[in-house]
Structure formats: structure tokens, C-alpha cells
Amino acid sequence: MEFIFSKRAKITFVALMLIGVLAIIYGIFNGGEHGHNRLWANIFVNGFFFFAISIGALFFLALQYATEASYMIVLKRVIEGITQFIFIGSGILIVFFAAGTFHLHHIYHWMDPMVYIEFLEDGSANPLYDSIITGKQAYLNQPFFWIRTILYLGVWSYFAYLFRKRSLLEDAQGGTKLHFKNMTSAAIFLVFFAFTSSTASWDWIMSIDTHWFSTLFGWYVFSGIWVSAMIFLVLITIYLKNKGYLPSVNDSHIHDVGKWMFAISFLWTYLWFSQFMLIWYSNIPEEVTYYITRIEHYKGLFFGVFFVNFLFPMIILMSRDTKRSIGYLITVGVIIFIGHWLDVYLMITPGSLGHLEFGFIEIGMFLGFLGLFLYVVFNAFTKAPMTVKNHPFLEESEHLHI
Amino acid sequence: MHQEAAIRKPLILGEKTYGEITDDVLASVTGKANKQWWIAFGIASVMALWGIGCILYLIGVGIGTWGLNKTVGWAWDITNFVWWVGIGHAGTLISAVLLLFRQKWRMAINRSAEAMTIFAVMMAAVWPGIHMGRIWLAYFVFPLPNHFGSLWVNFNSPLLWDVFAISTYFSVSLVFWYIGLIPDFATIRDRMTKAVPKQIYGLLAFGWTGNAKAWNRFEEISLVLAGLATPLVFSVHSIVSMDFATSVIPGWHTTIFPPYFVSGAVFSGFAMVLTLLIIMRKVMNLESYITIKHIEYMNIVIIVTGSIVGVAYLTELFISWYSGVEYESYAFINRATGPYWWAYWAMMTCNVISPQVFWFKKLRTNIGFTFFMSIVVNIGMWFERFVIIVTSLHRDYLPSSWTMFHPTFIDIGCFIGTIGIFFVLFLLFARFFPVLPLNELKTILKSSGEQYKSKAEEH
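So the sequence lines, in the order shown, correspond to chains S and H.
If you count by my numbering, then the first sequence holds residues 1344 to 1745, one letter each, in order.
If you count by my numbering, then the second sequence holds residues 29 to 487, one letter each, in order.
Each hint should be verified, as a subset may be incorrect.
[What the hints assert, rightly or not] Some but not every residue of chain S turned toward chain H, in silico, with C-beta under 7 Å:
| # | residue |
| --- | --- |
| 1 | Ala1537 |
| 2 | Thr1539 |
| 3 | Thr1553 |
| 4 | Thr1558 |
| 5 | Leu1559 |
| 6 | Trp1615 |
| 7 | Ser1617 |
| 8 | Ser1625 |
[As the list claims (entries may be wrong)] Covered by chain S, per the in silico footprint, the following chain H stretches (three or more residues, Cβ under 8 Å):
| # | stretch |
| --- | --- |
| 9 | 49-62 |
| 10 | 445-453 |
Simulated from the structure, these hints should not be mistaken for lab results.
All of these numbers come straight from a predicted model, not from anything done at the bench.
Don't be surprised by glycine CBs; every beta carbon is placed ideally from N, CA and C.
Let's have the full structure, built from the sequences with the hints guiding it.
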């Protein structure tokens, strides 16, 4: 079935993007005490969050291939559509990192060349010198950072492109050859992603709080990526099903995506708690500073996000019936979608700004990026039929009954 | 009816009928034990007796008979404890998590994996027990009403959380295992001709009738227990890891510990399942049910969890440098190049490097090689715990107390002993219990049995 990108949806998304543009213009002139850091921090929060949804979808797609899972085949085109934001998302991230390189913002402390100079030219001690950051210079330096970033974005985008291309090809030619090729490619992607999802989150996010370190950080960010993708998958599936685009999706499929949203919320909570509890318990100055900043300046938000993202899915989605109920899924989905956006916000802004600043810039830019994201994803839906043909597990997926 | 794609490999080989499945699985229960069983049982019993002797000597004389010293206060004892708890993860993962993921191949292996889990957790519990020195006061670990005067458990201590986590895990695993056994006990009861065994199996079967209502309840309770057991699989080893990670000891305090320990536990658990099942399928002629495909799936789990562990090792190593904390960096340099370098590299080789050979389909479908690898992984995971515990402790903040750990005869004896007891229990299980969930297995015969699959293809 062909997807029709309705005029109403188009107008809505463009209107959202306009709000985003207004928020950016407003932000340029009303940046607050940190100048343009606030504006750029918001570009990164949104740029990363929506990019994360598409990379999460790509991970999930690869996981389906590698594990020979069949139940999601009727949703394969939806997942593929979400992955198609990777290209534009990468572009946004590159703009943000380049702005750092050219010192348009100062979110990455380690990008400041002054912190590496111990003595000034006149022989006096440099007050800006930072011995800890200098110690990390072998890893945190601009050329190496860019090599890594381009590598992650390039390889991830390549796999998004590859899986999409093969999926369309499979519609045309059938057989099982592509299926087995996808299994191999998916395994390669998963291995690459296992390493790079961690290193990317160190490079892009953990290095904002340059002194701080946590071995779990990469997996924690990864769980956030995964759960955000699952929440979006639930919401978009329900929307498309209601519009009649997914005739072979039945209650069992909805139940299964609901289970994923439920289960990965637990994974996220588990990792959030493990990281927090161990640092809080040991109370070692080098580490605990990260949470002290958040508790001093973002207390309500910080703990609120944890409890909302944990308790809402846990209590409401525990029952089998709610995981099959459109109303419950949408309610919980929308709440924790915002909850996980706030989680990204709390990873990025305390290190960039220090204090909590929340207003039109934040909300407007979120809406703007949401509009852009949805526009790109819907546009991707129009490019291919909404149901795959010829996949070896298609019949199994259509007959799913649990 | 449930549809299964043609490209999926069959899970039950040969032209099996329902009756033959029962015959094959119950051959050991209804028949007589063969010679191999008696030889294995004899060796295991000797090891067990030797171990019990050492444990009794330890309890009688004191913890000083172990090689512990003023700096290394935890060594083989806690290494063995964590090793056994880790092994005890595969069973519940297979039965609970794979049930939730609707993996039909779990049916060939879950019964024995769960049995192994229960025995392994029992062996784990031995260690903190005998480590107390005065084992007759072991009940002090429970927060009993305050008749100990001012003595009260420390709720802030992860060691106490361990008590709760492991006992909960043990109880749920046991119930889960037993519920699964009920229909199969009933089958044995109905087949037994001798009066006394019939009576015993009848009691064990709880009056199972096998009607539709009973099966309905059986499936419901399985799902509920799977839901309960899944978070437990995570919690047990997470809390074990917190025994170390809540401290301020370099090499112990690191945030990645909880998920990395869980992954390592599944890794070692699957290795132990493979060690046991590769022998069992041969000795008990179960090759039609525990097929090469099953072994391949388990090897894939091994490579995935082994690689997760590998990523965690590298993350720890990298962050110890990145942190810029001197003590943190030293702990890792000392691990890799200090006096215990051989333990570190044994761990790296066995756990990270060697499982990568399973990327080759030829090797992961080779039974002999898989058996060899499963032993390698078990050794590697023992060394992992040894490395974490002993190398982090033996050179602490005060260089004047730096020392080495030397195991004594009793250290070795107790460890060998738990292996012996474990095998005694497992061999008894293999002799008197249905080693495969034969009634559940029958439910997949028509969708995944070889002859039905090839028939479906002809149509």
C-alpha cells in the first residue's frame, strides 16, 4: 500500500519547523548570560535526540535481521522509514561540532587551545591551563575527534542506506539470498555499533563534562537511544495503523512493540540507577561532581525524569491489556517520549550552561526539530510500499498470534 | 495454526512420534544406569568427599587454613562464589528470557540448564557460608527480630543485598524448575510398573491430570514466573557486582560493573551448559533433540556475551587512562603487567580472544571444538573473578603491605569439592529426572520436527 503524505500533515510539520526557526532567531538575540551556548546546546540536544531515534531504529532493524526475528517484518518499512533521518541528522551534528571547532560555542571545554598551555609566552603560569584535560589530549584532540565522528556517521549512514536498498531489491527479486546477506551485514553492523555507540557517547556527550568519566556512560546513552526509538515506533505504528496503512498489523504486533517499550524502559532505568547509585554510594570527588551539579541546579527535573520514565511504563504497561490498548500506549508513549528528551537535555545542558534555563528557546526548538524529523520520516514512507514483499518470514509475521 | 517459515532449521531430527519422544527421554529413568554413568558418579563422589573433608577441616580449625593474609582478605573463596553464581545464570535466562522471546530451541536445553542453575547457586552459597568461620551463626545474616541485642544487619551493605538477591533468585528458579517438571513426573508415574517408584513419582507429580484446564494454568504460571525471573537474572549478578563496585578500591569501583557482570555470568553459564549437554546428548542418545543447531545457537550466545564482556574490559582499561586518576591507571597497569600478568592474560585470551573463533560457522558447529571452548571459557571466567578480586587487593594504597596470595591445600580442596558436589547432584538429576521437558517438546514437533517440515515443503 502506498503512503500518501497528506496536505494537513505537511502543513503541520512545516508550521512546527517555523516555530523552531522563530525559536532559533529568538535565541540568537536573547541567548542569556552564556551567549550562544544555550542556543547551540539546544541544537545539540534536539539534533542528538532525533538522530538517536533513527540510529536506534537502525540498531533494532539489524537486531531483527541478526536474530532471524519474524514478528516485526510487517513493520519493517516503518522501521526503515525512521532510519532514513540518519542522513539529515548526521548533517545537523556535523554543523554543531564544526561550530565548536570554529569556537562559535564553548560547549566542549577541551576544544579551547588555551587549556593545554602550561606557561604563557612571558614565562608566567597560564591561569587557564588544565592539567587533567591535557592528560586526555591523546584522545580528546580535534583531528582525532573528527576522524572518529566522520567514521561513526559515515558507517552508520552506509548501513542505513544498505539495508534500505536491499529491502527494496528484495521486493523486486525475492528469494532468500538477500535475507542471508542481511544477516551477515547486520552482524557486522552490530559489532561496529557495540563499540562506536559507546565511544560516540564519550566523544559527543561525556566530553562536555570534560573532567568527568564513567565506564557505564556509553551503555546508558545506548539504552536511551534504544528506548526512544521503541517509543517512537509504538506511536508511529499506532498512527499508521489508524490511517489504514498497515492492514496486516494486528493486536499481537502492537502488543509486541508495546513490550519493547516496556522492557527497554526497564533497561534504561537499570543503567541509570546503576550509574547513579554506584557514584553516589562511593562519593568519590572526581565522579560525584557530575551528580552534584545536577542535583543542585536541576533537582526536580533530574529525579522527576527518572521516576516518570521508570514508573509510568512499569505500572501502566505491566498488564497485558494495556500493552494492547491504543489509549494507554499513546498516553505512556507521549509522556516518556518527552521524558527521554529531557534525559538527553540533562546530559548536555548542565555541562554547557550550569544553571537551568528553560523557556521558549527550548520548547520552540524541540517542536521545530520534531517537525523536521517527522517531515523527513513521512517523506521516506512515500518512497516505498508500506508492506514488504517476498521476505522469507513475511508469512510467519502475518500469522503472529500471541 | 502457527506458521513457521520454511527456511528455519528443524529442531527435532528424525521421524519421531510422540511416543518415541517419551521413550527417548525417559530411557534413563525407566532403565538401568550404564557404566559411563557409574564411572562419572564415582569420580564426582570422590571429589565431593575430599571437598567435604576439607570444608570440615576448615570449619574445625578456622579460616587461617586458607591462604588469606592481611592485604588479600578475599581470594579464592569469593572468586569461587562469584564463579558459581555466574554459572547459575544460564538456566533462568534460558527458561525465562528465551520463553519471553518465544525461542523454541530453549525446550531442548532448559530443563538441564535450570537444574544446573540450581546446583550452581547451591555451590555458590557454600562459599559465603564457610567464609564466615562460625557457620553455626550463619543465620545472623538474616534481619531476624532483634534478639541479638544490639547486633543488627547492615542494610547499607551490598553483602546483605546479596543475601536477599540470591535467596530470591534461588527460590524462584526452584519453583520455576519444579513447575516445569510436574507434567513430566506424571508421565513417568504413568509409565512406571514398579510400585515404589510409581508412588514416589506420583507424589512428585502433585496429582497432575493433564487436562486442558491444567495445561492452561501451567502456561499461565510459566509466563508469570518468567516475568518475575527475568528481572532476577539481572538483579543477582548486579548486586554481586555491587559487592565490589560500591567500594573505593581502584579496579573494583567502576560503574560498568552491574551489566558487565550479568553478561559475564550468562557467558559462563552457557559455557557450563555446553560442557554438560555435549556429554549428556551423547551418553543418553539425545542427538535428535539437542541438535547441532542448538549448539550453534548457544555458541552464538557465547560470542555475543563474550564480546560484551570484551567491550567492557576495553572500556574499563580505556577509562582508567582517560580518568587521569593515578590509582585507577595503576590498578590496570598492574593487572596487565604486574606480578599477576599471567592471570590477566589468561582471562583476556580465554574470554575475549578465543570465543571470536565462533564467527566461523565451521567451528561453531563442530561439537568437539565447542566442548573444548566451553572448558576454556569456564577457566577464563574463573580467572576473571580472580583478577578482579586478587589483583585489585594485593597492591593497595599502602605499598608496605603489598603482598601476594598463595592458595593452600585447603583452598584447592574446597574448590574441587564444590565441583564434585555439583557433578554428583547433576548426575543424580540426569539419572532420575526427565532431562528434557518432554511434554513441552511435543508441542513443537509438528511445527519444527524434521519430517513435518519436509512434508510442509512438499505441499
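Restraint satisfaction for S/Ser1617 [CB to CB of chain H, less than 7 Å]: 4 Å, holds
When the least beta-carbon distance from S/Leu1559 to chain H is tested against 7 Å, hint result: 4 Å, holds
Status of the S/Thr1558 interface restraint (C-beta, 7 Å, chain H): 4 Å, holds
Satisfaction of the S/Ala1537 interface hint, Cβ to chain H closer than 7 Å: 6 Å, holds
Interface restraint verdict for S/Thr1553 against chain H (beta-carbon cut-off 7 Å): Interface hint status for S/Thr1553: violated (10 Å vs cutoff 7 Å).
Proximity test - 8 Å, beta-carbon atoms, the stretch 49-62 of chain H to chain S, at least three hits: With 0 residues in contact (Cβ-Cβ under 8 Å with chain S), the coverage given for the stretch 49-62 of chain H is violated.
Assertion that chain S covers the stretch 445-453 of chain H - criterion: three or more residues, beta-carbon distance below 8 Å: violated (count 0)
Status of the hint placing S/Trp1615 at chain H (closest C-beta pair under 7 Å): 11 Å, violated
When the least beta-carbon distance from S/Ser1625 to chain H is tested against 7 Å, hint result: 5 Å, holds
Hinted contact S/Thr1539 with chain H - closest CB pair below 7 Å: Result: violated, 11 Å to nearest chain H Cβ.
Violation of the numbered hints given earlier is confined to hints 2, 3, 6, 9, 10; the remaining hints are satisfied by the structure.
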